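Protein chains: 4
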Amino acid sequence: MGVMRIGHASIRVMDMAASLKHYENVIGMKTVHTDADGNVYLKCWDEWDKYSIILTLADQAGMNHVAYKVEKDADLDSFKERVEAYGIATEMLPEGAMPFVGRILKFNLPSSHEFRLYAKKECVGTDVGSTNPDPWPDDKKGAGAHWLDHTLLMCTLDPPNGVNHVADNCKFMTEVLDFHLGEQAMVGPDANIQAAAFMFRTSTPHDIAFVGGPRPGMHHVSFFLDSWHDILKAGDIMAKNKVRIDVAPTRHGITRGETIYFFDPSGNRNETFAGLGYMAQPDRPVITWTEDTIGRGIFYHTGVLPESFTGVYT
Amino acid sequence: MGVMRIGHASIRVMDMAASLKHYENVIGMKTVHTDADGNVYLKCWDEWDKYSIILTLADQAGMNHVAYKVEKDADLDSFKERVEAYGIATEMLPEGAMPFVGRILKFNLPSSHEFRLYAKKECVGTDVGSTNPDPWPDDKKGAGAHWLDHTLLMCTLDPPNGVNHVADNCKFMTEVLDFHLGEQAMVGPDANIQAAAFMFRTSTPHDIAFVGGPRPGMHHVSFFLDSWHDILKAGDIMAKNKVRIDVAPTRHGITRGETIYFFDPSGNRNETFAGLGYMAQPDRPVITWTEDTIGRGIFYHTGVLPESFTGVYT
Amino acid sequence: MGVMRIGHASIRVMDMAASLKHYENVIGMKTVHTDADGNVYLKCWDEWDKYSIILTLADQAGMNHVAYKVEKDADLDSFKERVEAYGIATEMLPEGAMPFVGRILKFNLPSSHEFRLYAKKECVGTDVGSTNPDPWPDDKKGAGAHWLDHTLLMCTLDPPNGVNHVADNCKFMTEVLDFHLGEQAMVGPDANIQAAAFMFRTSTPHDIAFVGGPRPGMHHVSFFLDSWHDILKAGDIMAKNKVRIDVAPTRHGITRGETIYFFDPSGNRNETFAGLGYMAQPDRPVITWTEDTIGRGIFYHTGVLPESFTGVYT
Amino acid sequence: MGVMRIGHASIRVMDMAASLKHYENVIGMKTVHTDADGNVYLKCWDEWDKYSIILTLADQAGMNHVAYKVEKDADLDSFKERVEAYGIATEMLPEGAMPFVGRILKFNLPSSHEFRLYAKKECVGTDVGSTNPDPWPDDKKGAGAHWLDHTLLMCTLDPPNGVNHVADNCKFMTEVLDFHLGEQAMVGPDANIQAAAFMFRTSTPHDIAFVGGPRPGMHHVSFFLDSWHDILKAGDIMAKNKVRIDVAPTRHGITRGETIYFFDPSGNRNETFAGLGYMAQPDRPVITWTEDTIGRGIFYHTGVLPESFTGVYT
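Residue numbers (my numbering), protein chains in the order written: chain U, 10 to 323; chain D, 10 to 323; chain R, 10 to 323; chain C, 10 to 323.
Treat each hint with caution, since some may be false.
As the list makes no split between identical chains, a pair holds if one copy fits it or if it spans any two.
What the hints assert, rightly or not - Pairs of lysine to aspartate or glutamate residues, derived as EDC-like cross-links and limited to a Cα-Cα distance of at most 20 Å, are as follows:
| id | residue 1 | residue 2 |
| --- | --- | --- |
| 1 | 30 | 148 |
| 2 | 249 | 148 |
| 3 | 251 | 184 |
| 4 | 115 | 177 |
Since the hints were made in silico from the structure, they are not lab data.
Remember, predicted model here, so these are calculated numbers, not experimental data.
Work the whole structure out from these sequences, hints included.
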């Protein structure tokens, strides 16, 4: 099978106490581990592996790396070969390099983002267990996010200089990591510049996304909610916690998902994302958004893409 | 990748006009083809392949066969070998044996149900298209089902005589077709009789399910809806169309899905099923329902399993 | 203005501890007072008066009385005159006869149910307060019912003997208490027997309802929820608390409301009811349900009225 | 009873064809009448009186008048006396002055807005009828608005010059028309300037609202939807119709309502508003929003009040 899904994201924050309050009380995660360096590991209630977010103290917000889980340990060796054959250097971190995690294959995407693959992480079970489980736990908190769903990475897009790291990443993810392209935005006078790519390995519309911008960075990490109603409740929770909201509840054209964008206390953009949207499949026709309609692709209702949305990221 | 998802179900009906009215006006499908024998082919708006339901006129309701789509044509050859190696006879139907479909690998599950695999079906696109698509089509009808989601097959379970076709199917699907077991019900004094198995290939909680009963048959075919709200609207649509409802809106414990069970005019059970439920993954711990809690597994709210629910099927 | 809305219901229970657990953990009320006789008074979070449910220990379940609040203390005197002029005896209980309540006008409806009117009850405010209130309180529990919404009283209906306490109550409520008839069911060969009446004083579809049966009793007390989604969550809460559910989530034809019927531990039927339904107004045409369609009036989806639904009450 | 509810609003539009397309295809109204002057009358499916919106062609957008319905024809005489006793001139228009409407009492609010009361308008029934009605009609269109719900009028607020037409209107509506104040915003260094007032006659949180600004005008007319889910669908409908959206789906702190603000083709602001919010009652404690929290009162999630929201109106 190869890559199964997103495994975790390592996020830089500037105030650990405020950040914990945010990821625990707003997103609804639980702290499961703190390492010797003070990095804090958190887990959503519906995840069965040990953690999906690592918060590290830093002078500047952003993402250290994002990691995806592969099905078998041997997949790491095969991906190592394929990544290197593609011309990208790799490093195999030994078991224990990250707590509760087996071997890690580490490399940089063409866009420069650090990317990791691993096959083993301690399985602790979801908060409802595996025997006669309730559909949700009694102690669900905050927005009650089910799981870390995907990340959107900003990639350098500089057509005049022939630089398109969106397209470069898309090619790499397709050819080497067997991701499928679900949706893309094509811009430029000839509509031949891939300015955004939404890619999947699960049957959900995106497990990772790349959007073009002036420099590489993290646009957002996204957490899954069940329904549009839970989006409303999440907005209420954000209001109660005085969270800075970027874009109020609306629907995406791309993925059809229901969404709120907001910021953690360090300025890292988060998303609560709801709904299956559609059944992503290798043979589903790739959706293309044209330049005049990208606003509606991002925010379907207004069709307006606020400048801050593509300009502000960490 | 192998098997991707459910492709179509061929259903026996006793009154074609009434059946078409049902699948079109209630489920919300469109008729896309009628063949020389009078079989009618229908498609949901969010499916991109030509059809997912075939209605054939018969004296008795039930399912002729269910078919799953594999990723590559060559997968059919490899599955042929694996199925035969397992000791099950196969037949390879040539392209065109079914309209708009390529080669078909045909065989019977251990439970005796006819099962088909195919790699190619004419791709006609979803009703919203692939360029700047709206999230739903203007002419959505009835319950507006997105797609045929899964089927539940009743399998002979006769422990005193050592017959358990649920377990037999589960083993076959796992070992030969690479399905994953998501949830199961274990019954009997030693809780070692697998009386139900819910299996997946996509990331949704089930793409096929097997439940034990006195004889083989079709329990239901299920159609996907977005949300609990759409379940309410589907119930309203059923009321307006005087559809016979089996079980009013409720939640499943198993899969967490939101559901209505109802009957087509020939007595074939249908389901509208909403919600992703959870992210099904090969490494997600298998959920087990114990005998005392199966009622709540099926119908979470009441915890009561009406006798008719397991006794009546086609 | 006269009568404003339902004020409280006094309910007989046979196990106080189990009942408190039910009304607190399932309905989501808070205990606000226990009197010297051990009667317990509870309040919903969105009510501003001191209490809306009184639980009294008894050998048998049922309702002691239901009370409605009038706008002005002087209204009590005017209603006393009107009720007595109608030929019904009244009693004016002095302030303090019930804790935190002013004068009470007490009498029996034509159906024999004890009915009370009062103008004053200690106002303690909603749980979100009156200054910059959040839309819901942080400590919302269980189903999080907003308020006691209405009651449905079973009234003797015995047409062969010329007894129709539904019609008698309807006439009394209209002529004396200025209630408006919103919906009714008309049965019998000439469709001239009023077998059910849904009446309002607020702009919601019903503040009290009367349904015909073999003897007087309480069919249910109903608690308001916001939405169909909250109905799903309420069903989940009931499942977690092993509440006996009478009718799983569905929609009423009458009132259009979304509903679950269930029982408190003593067998008193409760309802969670969601949605405004429609704007009830004095000039809105009265809705009539005919005998052949009453099933759909009660349970719109299935159209089936379980015998237990009209046969079992306290 | 006196005033029952909002009856209709007469709106100025600059392009009748575009406006009709908007109110029919987006709001979901039906045209029921066109008079000799070309004014067009429209009705929502869940209203039983003949019309609730009148579109008149003009050079400039805005509201001609808003009208509320009283219970009895004689109420008009009594209100005429009370309004004149308050020092406001009135005019009694004869039956037929407006099509399908009886006598009309016409006067200006202290804020200068033209206000009308009437007791009779031809009753044509809702689109689902009064006998065994479905909960919604088969031909529901667009957002499927149930009814014209309320209007918000901008009133001159100029504290340095001692002008506060919000407070003036609030006093008049309370003392003369028996409206109740549900919520208010108090601003200024002493928090004694009533900058907004939300008033009701039905049991819904507001039937009319007044907000202070530089000049009198119409801020919006609002249409009722059932639920947060219908708000999502309304947003989708607006996207499909390229409607200019002012504020994407969110929740109000004031009234707790779920909302989208958007513009008709002439720039008149519309709202789709969902949910009962809470039970408005004469004895419910008045809610007060303080100046620092008004943003959250208007848009609860972000807490941000866009300048355009109070600055732009017709």
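Legend entry - Up to 20 Å CA-CA - residue 177 versus residue 115, copy category: within (18 Å within a copy, 42 Å between copies)
Legend entry - Homo-oligomer pair classification [residue 148, residue 249; C-alpha up to 20 Å]: both (18 Å within a copy, 12 Å between copies)
Legend entry - Within, between, both or neither, where residue 251 and residue 184 count as close if Cα-Cα is 20 Å or less: Answer is neither: 43 Å inside a copy and 39 Å across each miss the 20 Å cutoff.
Inset, instruction - At 20 Å max between alpha carbons, let me know whether residue 30 reaches residue 148 within a copy, between copies, both or neither. - result: both (16 Å within a copy, 18 Å between copies)
Hint compliance for this structure: hint 3 alone is broken.
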